[in-house]
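So the protein sequences, as listed, match chains A and B. Under this note's numbering, the first residue of the first sequence carries the number 1, and numbering increases by one thereafter. Under this note's numbering, the first residue of the second sequence carries the number 1, and numbering increases by one thereafter.
To be clear, the hints were calculated from the coordinates, so they are not data collected in a lab. Predicted, not measured: the structure shown is a model, and the values here were computed from it. Keep in mind that a hint or two might mislead.
Which copy is meant is left open, because identical chains are indistinguishable; a pair holds if it fits in one copy or across any two.
[Said to hold, decoys possible] In silico SDA-like pairs for lysine to any residue, Cα to Cα no more than 20 Å straight-line:
{"no.": "1", "residue 1": "LYS239", "residue 2": "ARG333"}
{"no.": "2", "residue 1": "LYS76", "residue 2": "PRO86"}
{"no.": "3", "residue 1": "LYS254", "residue 2": "PHE301"}
{"no.": "4", "residue 1": "LYS244", "residue 2": "GLY303"}
{"no.": "5", "residue 1": "LYS254", "residue 2": "ARG186"}
{"no.": "6", "residue 1": "LYS221", "residue 2": "PRO206"}
{"no.": "7", "residue 1": "LYS38", "residue 2": "ILE22"}
{"no.": "8", "residue 1": "LYS239", "residue 2": "ASP296"}
{"no.": "9", "residue 1": "LYS244", "residue 2": "ASP354"}
{"no.": "10", "residue 1": "LYS51", "residue 2": "GLU147"}
{"no.": "11", "residue 1": "LYS239", "residue 2": "TRP325"}
{"no.": "12", "residue 1": "LYS239", "residue 2": "THR322"}
{"no.": "13", "residue 1": "LYS244", "residue 2": "LEU362"}
Protein chains: 2
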Amino acid sequence: MTVEKNKIEMDDGFSEVVTLGIDDPLCLTSGECLSSFKIAYKCWGTLNGDKSNAILVCHALTGDQYACGQNPITGKEGWWPKLIGPGLAIDTDKYFVICSNVLGSCSGSSGPKEMNPETNEPYGLDFPVITIADMVGAQVRLIDYLEIDQLFSVIGGSMGGMQVIQWAVDHNTRVKTAIPIASTWRHSAQNIAFHEVGRQAIMADPNWQNGRYFETKNRPKAGLSVARMAAHITYMSEKSLTSKFGRNLQDREKLTFGFDADFQVESYLRYQGISFVDRFDANSYLYITRAMDYYDISAEFDGSLLAALDNTPVKFCIMSFTSDWLYTTEESREMVRALNAVGAQVSFVEIEMDKGHDSFLLECPEMFNIISGFLAAEARFDGSNSDE
Amino acid sequence: MTVEKNKIEMDDGFSEVVTLGIDDPLCLTSGECLSSFKIAYKCWGTLNGDKSNAILVCHALTGDQYACGQNPITGKEGWWPKLIGPGLAIDTDKYFVICSNVLGSCSGSSGPKEMNPETNEPYGLDFPVITIADMVGAQVRLIDYLEIDQLFSVIGGSMGGMQVIQWAVDHNTRVKTAIPIASTWRHSAQNIAFHEVGRQAIMADPNWQNGRYFETKNRPKAGLSVARMAAHITYMSEKSLTSKFGRNLQDREKLTFGFDADFQVESYLRYQGISFVDRFDANSYLYITRAMDYYDISAEFDGSLLAALDNTPVKFCIMSFTSDWLYTTEESREMVRALNAVGAQVSFVEIEMDKGHDSFLLECPEMFNIISGFLAAEARFDGSNSDE
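Turn these sequences into a full structure, and let the hints guide you.
Structure (structure tokens):
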């Protein structure tokens, strides 16, 4: 791994991958320690002289480090293509943007799919159960490695937003601004319930083989597909499902009176399930959903959100979407109220959009403008940004 | 089958089962006809001399004919124990109450689990795909058999409410009043999506064996359990899950950093899944969810709900629950608006209750009072009831 640290060029190839923790193991919330772990990441833009223009982008449950540009594995564009890039809200002409695959995932960072250096076989369920704090802990090591003292901003949607909040709480001197979008400060009972359905679907698949499917030719595709289908419903609003599909039939004029996908919405969901298994590892799905379910930023503070945020120097910009029923506006408002109560600087916008939770991944000019404006204001205040 | 038709006594044994359709096959929406089918049913109370006091109770997706009294199979009380009985809102001292297991289900009525009289083996997927209209068609045959011309009322919640609406539309001279609760006039894209997840979970289970599991010792328990878990989340409100479970741990003080049921909500859901497979047939789950997905009362009327309800002589009492996100108040309001637009008699109450869709099955004095009052008012108007 060779990177000219102060100037990392955009590239269209695969990610950089760095092995960390060798001299200083990463000790996890569970108490287990990783004495060596890999983090796959991508960077765009140029780190400025005083290293004050770095923005860390945190991905969601099934995301990866390919936030913008082309994803070399799928050949499709990254997952936040309209937000990050030259001249866009997160302007890679101004900012140095970093996105890393979270610990436990399956796109190059250490996780159940990767080789356990101690046994030279894939971890499977021997990979330690991780938390959002552990994902962030690994990101801190990456930022150390890139020799960046303080991030100009950390931004992310959904589980990405959980990481953002975790950064602000655990490492508040190392992040100037935090932008959690369509996110929450703790997973609710309903959130946990939906994830548990997905995990049970995977573990019920005989091909799962207690997580050791890599020893055979069979993968728990059917179970993972059902898990994805169940989750996908929670990413869309009832209204968007209705306006997109309603009761429209799929390539047929009449009901067939069978168990085929008569309705477009069935066909769409089946496609979501089937296409997902090609790009995602079932064990990683277990680990990451578990990390999300364990997430409660107040837990380490005797359940007090105020205590978690007390004295924070981080400036927050929080966004939610009216039609998001997975992580509702109310949950964002609880964050906002707590931040106000501790005298923190916070701006909050509930964006009117009817596409449900996944709105944060869609074309949303209002969100883009808010991010752009918030960053620009902070850069002006800071006086440190390259366009000043 | 011997029943003294004008006076059927309550009994604590199993249901009556009648074989129908022999002289006059039941032709289904699909075009297929059942030349012989069984309906299992229970009755409570006494049919009066002019047979004007009969109330048909329609059950929901996984319900059965044991609406009140003891369920002889589970040993538990029926599913509407506080609503139906002597002195209760549906007073069996006044009314003759009938509840039958729907066609396609698995509690004695013909369905995929039952023997196909033509082959002398279980139907499995050879059972024809049925609709809510077909369930009601079979109930009409039962009512014919009981020699009742007109039902005083038809009542049901959820899928039971769909049957109620179907009765009022298809057989409007045979039902005086209709009480659909927590129901809808057509299944939405989101409703279909959740059901499709359940079906895919069942069909992904290798033990399903294309529906012919009865030929082996294995049943698709894991798949059916996952289906039930996913559905169960939709029966509860986010608020009720939070107030019942929150993030409470299950019989432990700390997170275990594993994939056990750490949280109470996980343990609860797993129990819902596991206990369900003992009492329900996986193929019936496919058939009944399909019937619900096919349900759109306006479909036969070029998509016009008004046309479906035009000139109806049936008097409606519609109830919804504030916290029901499966079949929302808005869907009930659409029915109410349409009924008002066609000049029908309708009363509507949205009941403030935070328990979600399953509220209709719970202790709800407001609902009980509304039903009791509506039935009493109609009985007074009618002058035909036994207490006049």
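Now the hints, each set against the structure:
1. LYS239 / ARG333: Intra 23 Å, inter 16 Å, cutoff 20 Å: inter-copy only.
2. LYS76 / PRO86: within (18 Å within a copy, 66 Å between copies)
3. LYS254 / PHE301: Classified as between: cross-chain Cα gap 15 Å, same-chain 58 Å, threshold 20 Å.
4. LYS244 / GLY303: between (40 Å within a copy, 18 Å between copies)
5. LYS254 / ARG186: between (45 Å within a copy, 16 Å between copies)
6. LYS221 / PRO206: Both. Shortest intra-copy (10 Å) and inter-copy (12 Å) distances satisfy the 20 Å Cα cut-off.
7. LYS38 / ILE22: Within one copy only: 10 Å inside, 71 Å across.
8. LYS239 / ASP296: between (29 Å within a copy, 18 Å between copies)
9. LYS244 / ASP354: Classified as within: same-chain Cα gap 11 Å, cross-chain 29 Å, threshold 20 Å.
10. LYS51 / GLU147: Cα proximity of LYS51 and GLU147: one copy only (8 Å, versus 87 Å across).
11. LYS239 / TRP325: both (11 Å within a copy, 12 Å between copies)
12. LYS239 / THR322: both (12 Å within a copy, 18 Å between copies)
13. LYS244 / LEU362: Result: close within a single copy only, 15 Å intra versus 35 Å inter.
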